[in-house]
Amino acid sequence: MKRKEPIHWGQILIFIILLILSLPIILGYLWLIISTFSKVTYGLVPVDKSGNFGGFTLSNWTFLKEPDIWWASWNTFLLAMFMTVGVVMISSLAGYALSRIKFSGRKEFLSLTLVLHAFPSVTLLIAIYFVLKFFSGIPILDLFMGYNTIGGVIFVSLAMQLPLGVWLMKGFFDNVSWDVERAALIDGCSRLRTFWSVMFPQVRPGIAALSIFSFMTGWSSFIIPYTFLSGGAGHSVISTYLNTLMQSDTVSINYNVLAAVGLFQLIPILIFYFFNQNYLMKIFSGGSHGGV
Amino acid sequence: MLPAAVLVVLYFFLPVILTIGISFTDMSSVTGFSNWKFNGISNYVKIFLHPDSLRIFTSTMFYVACTLCFFNVGMGLLVSVLAYHLPKKVGGFFKSLWLLPRITPAVVYVLMWTMIAADAPYGIINQHIFAPLGLPTSNLIPNNAMFFCILVNGYIGASFGMIIFSSAIESISKDIMTSSLVDGAGFFNRVRYIIIPQLRWPLLFVTTYQTLSLLTSFESIMLLTDGNFQTEVWALWSYHKALNNYYGNFQYGFGAALSGVLVVVGVVFAIIYLKFFKFGELVKEPLIDEM
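Chains as they are written, first to last, in the numbering used here: chain G, 1 to 292; chain R, 1001 to 1291.
It is worth saying that the hints were derived from the structure and are not from the lab. Watch out, some of these pointers could steer you wrong.
[Said to hold, decoys possible] Rough simulated footprint, nothing fancy, chain G against chain R, three-plus residues with beta-carbon under 8 Å:
{"id": "1", "stretch": "1055–1065"}
{"id": "2", "stretch": "1077–1090"}
{"id": "3", "stretch": "1096–1104"}
Where a beta carbon is used, it is the ideal one built from N, C-alpha and C, also for glycine.
Chain R with its partners taken away, still in its complex shape (with noise of 0.2 Å):
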């Protein structure tokens, strides 16, 4: 119980506010670590007065919507439905394919996908597909860039989504799957007034869980284009300024305000969770003290 006191505290908690602390302050490489002031909330003016904010924002969110919609709800269900219907051999076939991007160590699959888009005749859609119809080659990531982070992001987010609506509609009562047969519902009626209607929490979930990380992950977007091709998000604006650009001028202050915005999103969205997931049932007292 302890260390994991002392690492939580030590790693997450203090970090929550040192990260506001540090969001108040004009601290950067230029002021060092022991010159900086305190400048008030003018980290949190610059980000609205910034020329940038509008752009970054609305790319945020387009590429939240879109991962999410498209692929880590709307693929992930559709997977895991039609994986059902197959012979659970095959269906457990595809389950784990699509678990692959997951545990596929992020560098390595960002290089797939980069080969994937890469011009001819290295590239595979390139090289297989436009070449032989004659059409025009080029690397596809610059002019598609933010298509490319949404498919990146969504092969791996899906997954998540897959599961969880995997084992729910596994859970769903054999009788009433029979009786829909019986009914002589077909494919589409069964998956619209069958099985969309009983995923209901296991959809809501998946959505405010994914909403989250997808907010502040970077990671594999710094690896396809590094923000480059308008595909600059939040978080990933947020890291450069603050950890790693160009230019050497780390602007701690500045990039600490930029992730203090998503804390507090972040902070909403637990919020959110506490009240809607039960959460009281969750942490309902131990029995055995009460022998």
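Pulled out of the complex, with its shape left as it was, chain G reads as follows (with noise of 0.2 Å):
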């Protein structure tokens, strides 16, 4: 049934509580972006050097001609991008198996990893830190896994998204209808052109999802680059930059410069989140598919 509602004042009264209800989040944004292009702000209102309206300003970007922002924002890239490639290869191949293939320790596979995906991992953060420490101290794989690189930041993220990975397209694949696959392999197919020819097409949207979801939490993360890096120039993220500032006693704090790093890290994460919403609100729902 279709029916144009009229709008009545039950429902503005719904729209006040909810405008009320969300003006935290309001605020703070406003307040970001007001900040990065003025000098000083109070509260909301930004200012001049005399505390008159206006002093409107872009001097806050000054902090991209440092190169430390930009090593940062490389190892921030890197982190996400190979996150990304790793979650997606890894959990779609694994979702499959899971999904589709009969081996022994596919159940007790599966509950662990639903445990671990239940389960966050930074409480684990300490043995970590001693798995990494053990790799620093063999030779090759000291340079790309070892302690304070950002290839041991990128495999302990990596692997902290795989629960949730797995059992995501392990989700995708089960809604792929069986008909279409035992056709391919009744005609022929071997299990891996199946998986890449058959399969691979039709969970698409989940492995879009999934890597826009991968690529976020790489970027924004901070607890894990926080813990296994030491900071400095090559060995920060752009969190831990940010961190850095926010911390420092030395310098008084500018918090417009800080506003304009936030910003500077925020907009790829908002450039995604507007143009892939529904791919995003399928993920994060997607853990509640069948009761997960």
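Combine the two chains into a complex, taking the hints into account.
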């Protein structure tokens, strides 16, 4: 039944209630954007040196001239990129296997990844620290998997993302009709060929969603890089770079520059978000499919 | 399949075992990595006897309970129910808005909150509400630290519940909704007698799932207050003890014991999931090999 309901006062009331509830989010974003482009910000009002309204400037963006931020961005990009590729490849293969192939240990592996999916891994940081220290002791591995290398951070973040990815991809594969796959197999397709040319195209939305999500997680991750990178040139990501700026005791903190760095980090995320909202909604609720 | 297995073993199973293992040793930066010895359960005894344990335990419980009730479940439900009653476009706008905290990088997000709470003339609340009213202004975080921790995490957490509840509400059959209107049910009656009963499973799911993630997450608390002002929660305590503190004495063993407690809690919760959320159906055997 499609019926145009007239907007009545009840809906306006609901709208206002929702608006009030959402205020902190709106204000936070407003502050970020306003203060990025102003010298000093009193509350939400941009002011100049003498306290009058005005003082718009682009000078907060001069941090872009420093090589450090580009190092950090490059590292962040590497982290997000490798994480995305790794998570998508590994979890689609594993998801396919778990969804369609019977092998021993399947049930155990599934229940274990489910437990891990539900089990936020930050509690394991101490032990992972030891694993990374161990890698640092091995000659060649220490260059790209050890403590204080971006590679080590990539591997850890990748692994942390896997349980979610595997479950999500399994869910998407589960939804593909059996008949199509059977037909392909009966026609003489090999298992791998079936995966590549029959199944893969059908789960493309899932893969798109997972890649976007992984990229965003990698781009904004903080705690893992913060713990396993010592900071300094070449050993920081944007999050930790911004955190160092926030915590620095030596120079008085210029919040407008902080806002600019924050916005700099936020822009790619927002762009991804606005173009891919539907995919992302799928992910955030994706874990709930079938009661997981 | 194999790479997934290797990575999961390397960064999950091994760490779980290592965490438990280390928690039975006296390893710290004093003993170094080679000079340690097993000391049985004394780390766990130490947790029991530690003067801070009770305080941190209570604040953890308080933090988890409040965030869960008021935001992850309460606010999530409220927003999704309210958004459902708005025209689709407007409701969708609010849902996207509420997702923003979740996708915003934690550091940036906490920065926003810091500025909302900061002292006049910079802070938003102080400058635009307190100052015009002539109230004394100060940085709001030290005195209401726990409140702000709950707010910060709550606004992230609410979106999870919101999405799940929204899709559950959408899936309630339109016939039931319409007939309730025909029968003359008002907004509150409809929520109370139609929507809430239909959401029993999603409610339970969100509650259990979020309890665990709240217990073990400490990222935004660390960024906001770093555990000062009575906001040290269990997971953050463990992190501070083992990997990050001002004294430079990293007590790996004690920290691992602290997270060991969390691991046990996590396993208990995991068992609850498996029992309640029809796990058997999810792992049903693949059909294709039975051809």
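Comparing the hints with the structure gives:
1. Check on the stretch 1055–1065 of chain R: 0 of its residues sit with their Cβ under 8 Å from a Cβ of chain G, so the three-residue criterion for coverage is violated.
2. Using a Cβ-Cβ cut-off of 8 Å, 8 residues of the stretch 1077–1090 of chain R lie near chain G, which meets the minimum of three, so the contact claim holds.
3. Given as covered by chain G, the stretch 1096–1104 of chain R passes the check, having 9 residues with a CB less than 8 Å from a CB of that chain where 3 are the minimum.
The earlier numbered hint that this structure contradicts is number 1, and it is the only one.
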